[in-house]
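A.B. asks: Listed here are the chains, written in short residue letters.
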Amino acid sequence: MESLALKDDYGTGAQVNAQNSLQLIAFSIGEQTYGVEITTVREIRAWNGATPLPNTREYVRGVINLRGTIVPIFDLRARFGEGQTSPTKNHVVVVMSVGDKWVGILVDAVSDILTVSKDEIHNVPEGNSMDTELLNGIVTHDSRMVGLIDLHAVVSGAKVDS
Amino acid sequence: MSDLDDFKATYFDECSELLTELEEQFAAIEAGERTPDRLNAVFRAIHSIKGGGGAFGFAELVAFAHAYETLLDHVRDGRIELSGPVTTLCIRANDIVADFVNAAKTGASLGPAYGDVERHQFDALTSGNAPGGEADAEAPMEDFDIDFVPVMVDLGAAAPAAPEPAEDSFASAPLTVEKGHWEIRFAPHSELYARANDPLLLFRELANFGELTVVARLTDIPPLADFEPFGIYCTWELTLVSPTASAEAIAEVFEFVEGNCELSIAQLPSRAAPAPEPSLAELAQLVAPAAPPDSPALSFAELAETVKQEMPARPAAPAPAPAPAIKLVEAEPAAIADEHEERRAGPEERRNAGVQSIRVDLDKVDRVVNMVGELVITQSMLSQQMDDTLRARYQELVRGLEVLAQTTRGLQDAVMAIRAQPVKSVFSRMPRLVRELATRTGKKIKLETIGEATEIDKTVIEQLSDPLTHMIRNSADHGIEAPDKRLRLGKPEIGTIRLSAEQAGGNILIAVEDDGGGINRERVLQVACDKGIVAADTTPTDEQIDQLIFAPGFSTAEAVSDISGRGVGMDVVLSNIKKIGGSVHVKSRSGQGTRMTLRLPLTLAVLDVMLVKVGPSPYVIPLSSIVETIQCSRADFGRAPSGAKVLRVRGEYVQVVDLSERFQLRGDAELANRFVVLCEAEGGVKIALVVDDIIGQQQVVIKSLEENFESIDGIAGGTILGDGNVALIVDVQGLKASNSLHKNAA
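So the sequences go chain by chain: C and H. Here the first sequence is numbered in the numbering used here, starting from 1 and rising by one per residue. Here the second sequence is numbered in the numbering used here, starting from 1 and rising by one per residue.
Looking at chain C on its own, in the form it has when it is part of the complex (with noise of 0.2 Å):
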């Protein structure tokens, strides 16, 4: 009984096993969701305010103080082209490591730990260009659509070139 629990905890038939298994960490923004390797991920912590960048682009947030480091924090929602997020205290930053940076990501929530299977990471479909450099591909979980985040486009190209 307890290994079959167990399996069903694991959820609507992934195949998982360890070699060919991601985790993600899914986070959502408006009705979307999406998700992130979960090794990058340093610290999730709530929305407390940021010092805004000058000529850089509306999608970054400013900067913030971690611990005597300062990182930079994205808002997904304006990368994205949805215009800027208009953060409260229930916002959460995901701060993670992309290369040897660490950057923030501001999100509207953190919902869920996924495991997913390799195998089941689909193309992201051609036509918005936006899509494709944004995100690494599709998963679908209980049935809700997850886009894996491309960290590194994500954080590219944010300054204003004067």
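By construction, these hints were calculated from the structure, which means they are not laboratory data. Since this is a predicted model, take the numbers as computed values, not measurements. Glycine included, C-beta positions come from ideal geometry on N, C-alpha and C. Hints are supplied without guarantee of correctness; some may be wrong.
Claimed, not checked - Here are a few chain C residues that face chain H, going by a calculated C-beta distance under 8 Å:
1) T51
2) L53
3) N55
4) T56
5) I64
6) G68
7) T69
8) I70
9) V71
10) P72
Given chain C's structure and the hints, the job is docking chain H onto it.
C.D. replies: Structure of chain H alone, referenced to chain C:
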């Protein structure tokens, strides 16, 4: 990196310090301070370099250092006078040692004959002076083996007043037995030391009675494996020659240690003065060099007796070991002399030991600096949390916070002081450079240094060596004239380069000044036009021409020499100094000389800033660049033809940058309530920044934006304020540059 490489790296680190020390000592010696202390320091430095070099097998270095050391030894003994030529030779030798060290470091070869000329000079000097015996005297000293050496402690000589020749005190004292001859054996137990008694004090007191000789018995010292750090292995035999002393009086000296030692006091019968005594050296030759460790130690008197019995055996070749095998290793004159020297150097040595340094990785210090920065921020955050109600309720907490504030400030100062170093470490490399330049250019140049004790951050110091080298080269090559020309011009034949450092507010000013011909402005302008550095039809001011020498690729030298002419030097100066946040100024008077001044920040880690508000955001402006602040309602704004705002201040028109416009931050303050912060960028160019409010002054720790993001125009970095928020640092220089770019485009 292997351990050996680590050791080598440490050795080379030490070498560079020792070489610096050599420069310093000789600078003082040249200035007339020929004290034994200085000579000893020189001797120690060369000896350390030689010793380490030997361990790593740098044969050439060791051979040269050894020859040099021999010379120094003669100088130290007074056999060779430290005259002008000898000093010059020594300074030259220091340079050669430095070259050998460098060659060993890089693995380069200096050729087999390098330094031979000087080595022959050493030999010529020393061979004329050294009596044959002296050379041999050195050998046993090097094999000095503590296990079998009873040590002579001569208290008379230990007294500071009488640094008399060692041999004398020994020849006279111990063996002339007259009336009141006491023999004391003293074997302390460990409790004696545990109660903080010092045998030396007892012996000194005994010495007050009369002639005292002390012999330490070290025969009980076990093999190193059985050696206990707190074990007692040393006993003493004392011979006191005093007509006045009584057994009671002697016992009284030991009153406080009674029960903590084995003590026997015995009076020896008086005898007539014996026939001429053999010298100590002869004594030593007579007695067998080694003895079984358990053989009973003999008193001096017995020893003298034995020796006298043996006397007839001389002058036959070394006598067979005397029946009661006596173990006495002569404390031979050289060793005694050494000991005296150590005694004399004693107090200072001890003081030095107190301020000894340790080697710490700079990264580790930086980590501490960063953490202290965080601590300061946390502390001020805590203080800000205290409102009046809390203050009234928790007085203990308030007091605690005040102490915390003091302690953190102290800690911050202390940590910054760790990073600070005197500029001496760079300055001391320059005399050698000047000597070399003088030789190569055939000019006569003397270097004066002022303010060597001025302290700057270690990182700044490291960046200073190259620029200073280039500036001094420039002065020597272009500034100072040839001796005959100087004489013709009525100047002293020897040119002077003055290197000075001083602190001016939050900056350090380092100046290189020469009394040469000054910058030839016509020629500089001509060359600059030829090379296309300036447009041919422009008429720059004198100051602007002077600055041209810093342009990349600029050189007035007709031919490229190994000193200058490639046109990189002064460019390097400017770029290096800029990199560490400093600036360079040139002032030149034709025919009288040139003065180049480097303005450097005291530290790179902490910045004194003015905290301002632009729109809703806090910004900080480095205090070092601020000239003054003016209320906008009192400021005299005007409009340039291009439509750009200008500020008139003291008859000068200054470009205005409104930070809230520039940074696209909506400020809602009325113009009249805003402030103008007048800043000075590089080269004395002023720029007026308009901010919404001025909040105050504080010290901040600079944090990089690039670490996790990228650099932004007009922003030099970030910092964390007391409330934990990030404030951006205004890049005054960058704003000025981008603004003028903007203007040009318009």
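A.B. asks: Mind checking the CB of P72 (chain C) against every CB in chain H and telling me if the closest is under 8 Å?
C.D. replies: 4 Å, holds
A.B. asks: Hint G68 (chain C) vs chain H: min CB-CB distance below 8 Å?
C.D. replies: 5 Å, holds
A.B. asks: Does the interface hint hold: is T51 (chain C) within less than 8 Å of chain H, judged Cβ to Cβ?
C.D. replies: Where the cut-off is 8 Å and the nearest Cβ of chain H is about 4 Å from T51 (chain C), the hint holds.
A.B. asks: Should the hint that T69 (chain C) touches chain H count as held when the rule is a Cβ pair under 8 Å?
C.D. replies: Status holds, d = 7 Å.
A.B. asks: Under 8 Å is the threshold here; is the Cβ of N55 (chain C) close enough to any Cβ of chain H for the hint to stand?
C.D. replies: Hint holds; N55 (chain C) Cβ to chain H Cβ min 6 Å, cut 8 Å.
A.B. asks: Please verify that hint: I64 (chain C), Cβ, nearest Cβ of chain H, below 8 Å or not.
C.D. replies: The hint holds - I64 (chain C) has a Cβ within 8 Å of chain H, the shortest such distance being about 6 Å.
A.B. asks: Taking the least C-beta to C-beta distance, is V71 (chain C) closer than 8 Å to chain H?
C.D. replies: 5 Å, holds
A.B. asks: Once the shortest beta carbon distance from L53 (chain C) to chain H is found, is it less than 8 Å?
C.D. replies: At about 6 Å, which falls below the 8 Å cut-off, the nearest Cβ of chain H leaves the hint on L53 (chain C) intact, so it holds.
A.B. asks: Can I70 (chain C) be said to touch chain H, with a Cβ gap under 8 Å?
C.D. replies: With a closest approach of 5 Å, the I70 (chain C) hint holds.
A.B. asks: Report holds or violated for the interface hint on T56 (chain C), using the least CB-CB distance to chain H and a cut-off of 8 Å.
C.D. replies: Holds, about 7 Å.
In this structure, every one of the numbered hints holds.
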